[in-house]
Amino acid sequence: MIFKQTNPRLLQAHQIPAIFRDQHIICGYRKPGMTAMQCIKSMCQINNETVNFWTHMIPFLYFTIRFYSISNQYDMINDPYFWPLLCYIIGSNYPLFSCIAHAFNSMSKSARDICFFLDYAGISLYSFTCAIAYFYYLRPLTFITMDWYIYISSILAVCCCLTSCLSRVYINSRRPYLYRTIVYALQWLYVNSMLAYRVFSCRHPDNCPLQSDYYHAMQFAMAMTVAFFNTSKFPECVWPARFDLCGQSHHWFHIFVCVGHNYQLDGILIDIQQRQHIIHLIQPTYFSTLGILFVVLASNTLIFLYFSYLIIQRSNHDKQVKST
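Residues 8 to 331, numbered by the working numbering, are exactly what the sequence shown covers, in order.
Among the clues, some could well be false.
[Stated by the list, open to error] In silico BS3-like cross-links for lysine-lysine, where the CA-CA straight-line distance does not exceed 27 Å:
hint	residue 1	residue 2
1	K116	K329
2	K240	K116
3	K38	K240
4	K38	K329
5	K116	K48
6	K48	K38
7	K38	K326
8	K116	K38
9	K326	K116
Calculated directly from the structure, the hints in this document are not laboratory data.
Start from the sequences, fold in the hints, and give me the full structure.
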């Protein structure tokens, strides 16, 4: 069996520091101060992070297999027209960062913050790589010269990562996730505005109707479902403690994010096959694909390292104060 019924005693919310609690989640918490190996073992035991971990680990493995198959179909190294697809694949590793965050967030307060800094960087990078793929493969003809779409998306990606990290460190609020939700919602709206225009406006015969429109529409439906669970905290806000181990809003959040991701990938691959006459109107450049991806990746990495250093310094300072 993958999951063990025997596991270290789980704690309730009132038994752990507030920093380790999740809103409306009452029980099923792991004991803070676990070692890395204990955290790994706990992912094969029943607690309120187990489903969070596996609802992104299983999709990560699934997408890895799909991307390996795709890499055997297209020359993504030497053919510039497939560089946007390569960028998209690189950015699609966000489920792995989420797994790391949910697995190791019980080691310490500092480790918890650092884990989620990594998660924020991965999410913002993924959204940016979606913009690269959208522009080169999915754009309507009316957007054909809008190179600034990618550059604004890169700025938004870095701003999202920075704002999310700031919300964990400096913003004294009982609901810092609201700040993160707002900035990521703005990024999502901007990145998907071009695709939404193509799918729902249908003002040019080359834009519609397309076979991929169904997959893109389903992607939007999944996004709305994700937004519902992320903001409402349903069902745990209505029935506290009943869904702490399985069925809480964040579990559904993970599931519908990955279902939407799969619809998105299918839609992109169909557009690559069926819109060749539009795709080849603009040849991707190295800077507008892999080059700017490296800039965003480097920026997010610097943000991650800075805030991680800041958190570690604070932790060391607090330890020194307690010892004196």
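Results for each hint:
Between K116 and K329 the CA atoms are separated by roughly 16 Å; this keeps the pair inside 27 Å, and the hint holds. In summary, the hint linking K240 to K116 is supported, as the alpha carbons are separated by about 23 Å, within the 27 Å threshold. Distance hint between K38 and K240 is fulfilled; the C-alpha atoms sit about 23 Å from each other, no more than 27 Å. Under the criterion of a C-alpha separation no larger than 27 Å, the hint pairing K38 with K329 is consistent with the structure, at around 22 Å.
With a CA separation close to 20 Å, the supplied pair K116 and K48 stays within the 27 Å bound. Straight-line distance between C-alpha atoms of K48 and K38 comes to about 13 Å, which keeps the hinted pair within the 27 Å bound. Distance check on the hinted pair: K38 and K326 sit about 20 Å apart at the alpha-carbon level, within 27 Å; holds. Between K116 and K38 the alpha-carbon distance is near 12 Å, which keeps this suggested pair within the 27 Å criterion.
Taken as a hint, the K326 and K116 pair is honoured in the structure, with Cα atoms around 12 Å apart against an allowance of 27 Å.
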